[in-house]
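Model the full structure from these sequences, guided by the hints.
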Amino acid sequence: MDDHLVPEQTQPSVVPPVLPLLEEHHEVMGQKLIQAIQTGKREVPEVHQPLVCKPAQLESWRVFKIMAEFVSGFELIGKYGLAASFFGTARQTFEPVFYEAATDLASRLAKAGYAVITGGSAGIMEAANKGAHDGGGASVGLNINLGMKQGLNQYLTDSVSFDHFFVRKVMLAYSSDVYIFFPGGYGTLDEFTEIITLVQTKKIRPIPIVLFGVEYWQPLIEFFKTKLLAEHGAIDAADLDLYYLTDSVDDAMAYIQKNVTSC
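Number 1191 marks the last residue of the sequence shown (the numbering used here); no jumps.
In short, the hints are calculated from the structure, not lab data. Incorrect hints may appear among the rest.
Using 25 angstroms as the maximum straight-line C-alpha spacing, the simulated DSS-like pairs for lysine-lysine come out as follows [what the hints assert, rightly or not]:
#1 1131 - 1186
#2 1130 - 1153
#3 1007 - 1039
#4 1007 - 1131
Each pair of labels, with its calculated beta carbon distance range [what the hints assert, rightly or not]:
#5 1143 - 1002: 29 to 39 angstroms
#6 1179 - 1130: 25 to 35 angstroms
#7 1131 - 1187: 14 to 24 angstroms
#8 991 - 1182: 39 to 49 angstroms
#9 1172 - 1028: 17 to 27 angstroms
#10 1041 - 1132: 16 to 26 angstroms
Ideal placement from N, C-alpha and C gives every residue a C-beta, glycine not left out.
Okay, here's the thing in structure tokens:
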């Protein structure tokens, strides 16, 4: 940190415990935390350059912003009991059947008492939120602030937005009792492999994972079977049973009802 921004004589040698401060000030995304720990003369920038390399000294405003996002996220998901997370494209580039299925499945889950949680944006996410909203249930969005347009859809009953993808992924990973993946792009594939890795390594309890869209997911599953398992032994045969593949909303709902268990 630049010396002219924080006078030498006021710099504390030991940073005080942050949790009490974080609980008090997280709504302003860490700004008051920094003022309490430092001098109050450095403001958290509202717009900053992405962190693309390891800095020589990690700026404290970033640390507290990250912690504040975690607190906000856990406070939101802590309000809901039984929940289902939907993942999928934010674009309108796949067949209409996928969006219709997401709406139908989310509506059924909402009527069965599930809160429906998505990334809160468009495409499959909006379709699932619409289903939950129409079904009279909680329709929750965990959004990401991007440089491109990534607004919240109109069907949300509750939401929070993050600047950091990894915070959002933690919230999505720990918020639900079932994960439902529809076709999508890099982000959807990233979220899918993150979840199955957490289940495989027992970092989270075994949770039903539904892959909706046989034609879309089958090539990836074949890659798992032929390359990862048969050719290289990089996974175990049991790892192929971590997810359920279907084209049917009825089958997906039956699988979820049979396999969802409480903590």
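Against the structure, the hints:
no. : hint                            : verdict
1   : 1131 - 1186                     : holds (23 angstroms)
2   : 1130 - 1153                     : holds (21 angstroms)
3   : 1007 - 1039                     : holds (18 angstroms)
4   : 1007 - 1131                     : holds (23 angstroms)
5   : 1143 - 1002: 29 to 39 angstroms : holds (37 angstroms)
6   : 1179 - 1130: 25 to 35 angstroms : holds (27 angstroms)
7   : 1131 - 1187: 14 to 24 angstroms : holds (19 angstroms)
8   : 991 - 1182: 39 to 49 angstroms  : holds (45 angstroms)
9   : 1172 - 1028: 17 to 27 angstroms : holds (20 angstroms)
10  : 1041 - 1132: 16 to 26 angstroms : holds (21 angstroms)
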